[in-house]
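> Listed below, chain by chain, are the residues.
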Amino acid sequence: MDTVFGVAYEGGVVLATDQTNARSILMYQKNLDKITQLSSHSAMGVSGPNSDLVNFTEYISKNLALYELSNDGLKLSTHAQANFARGELARALRKGPYQVNILLGGYDESTKTGGSLYFLDYLASLQKVNYGCQGYASNFCLSIMDREWREGMTEEEAVSTVENCINELHERFLISQNNFIIKVVDKDGVKVVKYGADPADN
Amino acid sequence: SRIKRPHPTTHNQSPTTRERTMRPLLIPIITFTLFLLTSIPFIKVCAQQQQDPTTMNGGSVMAMSGQNCVAIAVDKRFGSGPQMVNVSPRHVLIPNSRLVVAFTGLGGDCQSLAEELSIFISSKMGRASGFGFGGGDRSREKSISPRAMAALTSHVLYGRRRAPYYVEPIIAGLEPVVVEEDAEDEDDNKIQEGGNEIGDEGSIKAGEELDNSLVDAKISKLSTKKRKKRTKYQPYLCTQDVIGAKSRSDSFVCAGAASKSLYGTAEAMWRPGLKPDELARVCGRAFLSALERDCLSGYGAIVYVIIGGKSGEIIEYNLACRSD
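Just so you know, the sequences run in chain order V and R.
One rule links them: number in our numbering = place in the first sequence (from 1) + 35.
One rule links them: number in our numbering = place in the second sequence (from 1) + 3.
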């Protein structure tokens, strides 16, 4: 039911998710923030049951913070963080799987384009991608991204691609997802570009 | 219901009587078993279609042997059921320049198995193997052989017999075989005729192991007879199922979503004694023909050709095909 998008551009990554928190036929809240910040320059957009979402993201982000503290401030690259998350998903897969589908985006100065985006599904497969969708949205929006993504995009173009995808969902997707939150990860860190409903209003 | 008396000449219950007593129960039984079958619990996460885990992410691999060379072809598709998610070459393990291991099946398990094998290789072969990621100190030549690699992979896979990795690996490489050969020398023939008798100390008997202590003694008695040990490399192909059952072949092996088609095209196009460039062409063509018809594999292929010689060499070919 959840929707997660990600588009990597020259200098960072755009992540967007819907803001609905629902189970079965009941909607609990419309202003949930499903993009959690993992470290200073990376964030993870997650889809799945709220319990696994919170459990897994807290586990990964706190372990990354612990690594930094234990190793004299050494920060892990996005590639390393994604592989760490994959390893934890793989370890839990045959014991008690986390049913989360993730798009992990981060900024590293050392990589050529700066922004890198990783697609992780609940069966612990990791793929480095230029753009991706999780959930039903992939049926509607992957083709829009196929058409609009190009090498060397700017942040404005990436955000406009994400907004086109959101408009398509509003037009054709059966499940009503009014609110979307869009965040950008670039050299200045993680910042919120737009939200449908303020996550702080609780 | 009407009671029918059994026919006096038959001892068994008449079939029509049994049918009549069963018929009222038949429909509920059918619906109940159908209900049971459909309600068997599966991991259900929205939008994920439940399929055979080995073909859910798609992908195919094929390996072929030639004359002192081996080719292994991998495709590039990673999907979630019918939907393509990413196009990037399948991860292959290249521990040394004469061995390539490719994995097909569930994507996450392929990555987990590749990591586990890299750790095993690095712990057993030490730094010389470059921790299983290539590089390392080649001059020491302490590298894992394809046969050992296949045994290791089989062991790891069977270790998870109760909750298997849904991976079908293919191990392709050049197996070192130590061969005793006579050096080509005209005088040899004369000596060899008289040289196979017991007690003849001037010759080395066929099949006898070269013990260091004996060699010195014998070499001093030898005149022109030369016999040397040479390491020859023979193609080694092996594919395994999800619990590590090895399936070897001298010609070709296939695995993955398109494996049935691949066996067909490989059977049609392979012939023995292929040279490296011919082998690359034959392997590539057989691979792509099957791939283009399979919806779960494709989007291009990479063919690794392992060539024998003093130190092995791996040539990589990047092939394009239908992107759908």
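The reader is advised that the hints may include incorrect statements.
[As the list claims (entries may be wrong)] Not everything, but these chain R residues come out facing chain V in the computed CB check (under 10 Å): (1) F81; (2) S91; (3) S121; (4) I122; (5) L277; (6) E281.
Source of the hints: derived by calculation from the structure; they are not laboratory data.
In this text the structure is predicted, and so the values were computed from the model without any measurement.
Built from N, CA and C at the ideal position, the CB exists for glycine as well.
> A separate judgement is required for each hint: does it hold in the structure or not?
For each hint, the structure was consulted:
1. F81: holds, 6 Å
2. S91: Given a least distance of 7 Å, the restraint on R/S91 holds.
3. S121: violated, 13 Å
4. I122: violated, 12 Å
5. L277: It is violated, given that the least Cβ distance between R/L277 and chain V is near 34 Å, above 10 Å.
6. E281: This hint is violated: R/E281 lies away from chain V, its Cβ roughly 34 Å from the closest one there, beyond 10 Å.
The structure is inconsistent with the numbered hints 3, 4, 5, 6, although it conforms to all the rest.
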